[in-house]
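S.K.: Can you make the complete structure from the sequences, with help from the hints?
Chains as they are written, first to last, in our numbering: chain A, 7 to 316; chain B, 1103 to 1370.
Incorrect hints may appear among the rest.
[To be verified] Partial selection, computed: residues in chain B whose CB lies under 10 angstroms from chain A:
no.: 1; residue: ALA1115
no.: 2; residue: GLY1118
no.: 3; residue: ALA1131
no.: 4; residue: GLY1151
no.: 5; residue: VAL1183
no.: 6; residue: GLY1186
no.: 7; residue: ARG1188
no.: 8; residue: CYS1191
no.: 9; residue: VAL1194
no.: 10; residue: TRP1200
no.: 11; residue: ALA1210
no.: 12; residue: GLY1335
no.: 13; residue: GLY1347
no.: 14; residue: VAL1354
Quick caveat, the hints were computed from the structure, so don't treat them as lab data. Note that the structure is a prediction, hence the values are computed from the model and not measured. Note that CB positions come from ideal geometry on N, CA and C, so glycine has one too.
Spelled out, the chains give:
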Amino acid sequence: MVDFCAITLKRPIVNGSGTFDAIAARRAFGVALLRDFPFGAFVSKTITLSPREGNPPPRLWEAQAGMINSIGLPNRGLHGYLEHDLPQLAELGVPLITNVMGSTAAEVSQLVEALDDRDEVAAIELNVSCPNVATGLDIGADPGSLAALVRAVRPLTGKPLIVKLTPNTADVAAVALAAQTEGADAVSLINTLRATALDRSGAPWLGGVTGGLSGPAIRAIALAQVAAVARRVSLPIVGMGGVSSGAHAADLIAAGATLVAVGTESFRDPAAGCRIWEELKSLQIAGSGSTTVNAAQAQVEVDVNSGDSA
Amino acid sequence: MRVTAPFGRRRVAVTGADDVGAYRVLHAADPDGPVPAPGQFYMLAAATGWGAGEDERPFLPRALSFLGAASGGLSFMFEEVGPGTRRLCGLVAGDELWLTGPLGNGFAAPPDGQRAILAGGGVGIPPLAAWAGTLGAGDVAVAAVLGFRDAHHAEGARLVPASCPQAVATDDGSVGHHGLVTELLSAELDRDAAAVVYACGPPRMLEAVRALCEQRGVSAQLALEAGMACGFGACFGCVVPVREGGYVRVCVDGPVLDASRVDAIPAH
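M.R.: This is the structure we're talking about:
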């Protein structure tokens, strides 16, 4: 059992938002999915006020040790989520974290207020990889914009508020600090890294032109950013980025994460969350508990601080 | 028709592989898997040498409709077109595969008394061959019209059960009808306009079959192909636009879609 923002999880492994559709998975795998559900809590895909169809295909590109996706946040919208998805997700038997995004503080406030009314929702995660209408910059790329958003929505809910940080910024720890100062309960990182791919004629392959890179290719970046954020804030951290084994999860925990999210690896192995948890447990049993973790954390900090000396 | 998959991927043994014309047929043991429905597919990855090949690919598993399923074993057919199929082509008996499936929904039988015409070709052969086997074992009359690039590729027609009457077309005329599979299909529909068409093939061929069926007012089920990362609805990568608006995921809403739902088969 793990405590995260006063929510009890049966394991410290969750899914990254938008990387596992539990409703579709139940159609594919039937009730077998529920017998050993891979995640200690389920994170929804990003929900927006209005329904979104998502980007035109092609939406995927296989990259070196990873992939680029340009999905465009398709979802049923807030009403569809509350009426259609939430009752089905409640059957999973794990705490539910709902991820939301809006292009203005007013939109996000509406989403947060509606979710605050629902007992099935254990926590709310803010997707801040969305352009600020006024500045054109991603809200999560700028500590000032992020602070203003969290300040606006914090009073609207007593549920834990998690800020999903974007790695596409100069100083992710400064953004995390802004989230902490304005009363967020946790941060999660890293989101995908902005990326693109060209076809053989040199034209953009993806229907949405740019997308996000994920998978093992970004693991080392995730480790550095989680370590950097852990040094600057005291909030619990959901660490993610290219985790495909228990050892990778142990690295993120060593760098300061309380929970570890699995994303792209679930595409390759639908039960990856179960396997990674088993592997992590055997590592924790084999190691000597917190001493090992602290030693590993020190090591990460040394490595991060030593720049390219490795 | 949808058979649900065991949850997670399973490691299975390759029991053999052979070349059929331009194609590779791979056989694998699947003692713990259910019997799939024709049109369903699996996600396949080699258990080793996957993710560390040329250009550090392949990374994602590959979606392949099954060709045959019998006595705890499965077979697949593919052509070498990239790093994933290249790695799969290199597998021999004794190697191992990661397998997830069966996934998606398969074909639905025609209404009582109506014939089935299977139309397609190229790497679209597997679901049609599996469906011909199932229909042939019942009391549905079935015929196949199959198109290929040339005689070497047309050897793939051998994978469709011989009990199913078949006509072949090739682009270069090296075997069978010199022309398009839709010309053969059109002739079949002239003889029996009440048949149900089941189609699978490269996008341009599938689109030609779809357009012909629409023009002739013939009911058709299309087995679509799309690049996908997961195969079980998680990644939202494999979408196609549908007439009712928006997109559907080929992996969970297909791969078999009623032709009336689709405007045009995308080229990708």
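S.K.: Look at each hint and say if it fits the structure.
M.R.: Okay, the hints, checked on the actual structure:
no.	hint	in the structure
1	ALA1115	violated (18 angstroms)
2	GLY1118	violated (25 angstroms)
3	ALA1131	violated (20 angstroms)
4	GLY1151	violated (14 angstroms)
5	VAL1183	violated (13 angstroms)
6	GLY1186	holds (8 angstroms)
7	ARG1188	violated (13 angstroms)
8	CYS1191	violated (17 angstroms)
9	VAL1194	violated (23 angstroms)
10	TRP1200	holds (7 angstroms)
11	ALA1210	violated (17 angstroms)
12	GLY1335	holds (3 angstroms)
13	GLY1347	holds (8 angstroms)
14	VAL1354	holds (5 angstroms)
The structure is inconsistent with the numbered hints 1, 2, 3, 4, 5, 7, 8, 9, 11, although it conforms to all the rest.
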